[in-house]
Amino acid sequence: MHIPDGFLSPGVWGSAWIFSAGVIGFCVKKTKQILKDRMVPLMGVMSAFIFAAQMLNFPVLGGTSGHLLGGVLAAVLLGPYAAAIVITVVLITQCLIFQDGGLTALGANILNMSFLGAMGGYFIYNILRRTLGGVKGIMTGTAVAAWSSVIIAASACAVELALSGTTPLSVALPVMAFVHMFIGIGEAIITCLVVGFVLRVRPDLIYTKEK
Amino acid sequence: MRHVYLDQYSQISSPLNRLSPIFKVVTFVTVVLFIVLTRPGSFFAFSLYGLLMAVLVLLSRVPVIFILKRSLLVIPFVLAIAAFNLFSSHGGIQLFLSILIKSCMSIVCLILLVATTRFSELLKAFEKLGCPKIITMIMSFMYRYIFVIEDELMKMKQAKESRSVGGSGFFHAKALANMLGTLFIRSYERAEAVYLAMCARGFDGDVKK
Chain G
1 MHIPDGFLSP GVWGSAWIFS AGVIGFCVKK TKQILKDRMV PLMGVMSAFI
51 FAAQMLNFPV LGGTSGHLLG GVLAAVLLGP YAAAIVITVV LITQCLIFQD
101 GGLTALGANI LNMSFLGAMG GYFIYNILRR TLGGVKGIMT GTAVAAWSSV
151 IIAASACAVE LALSGTTPLS VALPVMAFVH MFIGIGEAII TCLVVGFVLR
201 VRPDLIYTKE K
Chain H
1 MRHVYLDQYS QISSPLNRLS PIFKVVTFVT VVLFIVLTRP GSFFAFSLYG
51 LLMAVLVLLS RVPVIFILKR SLLVIPFVLA IAAFNLFSSH GGIQLFLSIL
101 IKSCMSIVCL ILLVATTRFS ELLKAFEKLG CPKIITMIMS FMYRYIFVIE
151 DELMKMKQAK ESRSVGGSGF FHAKALANML GTLFIRSYER AEAVYLAMCA
201 RGFDGDVKK
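Taken in sequence, the protein lines are chains G and H. First residue of the first sequence: 1, per our numbering; consecutive thereafter. First residue of the second sequence: 1, per our numbering; consecutive thereafter.
Accuracy of the hints is not assured; some may be wrong.
Calculated lysine to aspartate or glutamate pairs in the EDC-like style (CA-CA distance at most 20 Å, straight line) [unchecked claim]:
(1) G:K36 x H:D206
(2) H:K133 x H:E189
(3) G:K30 x H:D206
(4) G:K32 x H:D204
Everything labelled a hint here was simulated from the structure, so no lab data went into it.
Throw the hints in and build the complete structure from the sequences for me.
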């Protein structure tokens, strides 16, 4: 889902960069208000955690394996703003170290996975958590948010490719959405299991606005 | 435990390593921009870039096999996205090839930049070029703790495997997820401990030179 260099037109990647820079600036400001000077070490270590978590392969149906993307996991545990920063830092590092996702496409990747994936996922999670309430709300919210965040991010990727004029939308969008419907199921199961574990062991670490 | 060192060629002496990191970042980013902004289908320009890449690889003294191995990690993903271009209405094959070449060359550029520059120097260069300090600070913390946390995860995995020998299905996934949960709690507690240790040494939200 990481868009490499060369796929997006200058207009698309340029505006994605500007938009993402604005979003991250806002998130940094918000997180600083909550965490104060704990922010730098906490965000650094949490980014390393998500980075490591993405390297753990889970067995998926039929002998294949997949890994966690972690956007919604970060959002449920750390809140939307901190999660956006963590995912952004992970994306920058992946771009630099593994060349996973291009330099010019970094803005678009941040837009898809940090803003739409993690923050958008939190938005969905929060609505369900509030309406259902309690543990049931948290778990349902996590599952639905994790599943839909993967599809939203993949669809956004398809739309950006189409806007760049290199890929017809009628092919990219259905294929991307369809494939990620299955990837999303894996993401939802793993995210739920991890959140369920934290909920049993250290429920105080689940993000709540009041904290 | 063993880790792949990310900037393993940053210590060797080569003309590319000796350049100042800021100069290198600016140059490589400019080269990537040129590659990305080239019109699809201008294969003459692509061959010139290819020549430039070859010269840079020689200057960097990074083994070609290392660059190939690293590119092979990402190229399947690039191919998967590029396959969509074949369905494009105007010049599918030409577009497909152009985009593939552009992506691969940008990837080689980034591999060269990161392989020949120490990560801390790279971050310093980004900061001097206007990247917000808070982001580079978080990134340098992350880089420091990737190794620690990865190590912890690998140890947990080894312990699990020595007890359950492989395993499959839902139970296995659940054990792995619990492992991630434990890893999260440990990482969080580690971050708190790190913060307290920093406070004890006079940290006030800013890293001093």
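Now the hints, each set against the structure:
1. G:K36 x H:D206: 11 Å, holds
2. H:K133 x H:E189: 25 Å, violated
3. G:K30 x H:D206: 17 Å, holds
4. G:K32 x H:D204: Answer holds: K32 of chain G to D204 of chain H is near 13 Å, not above 20 Å.
Checked against the numbered hints above, the structure violates only hint 2.
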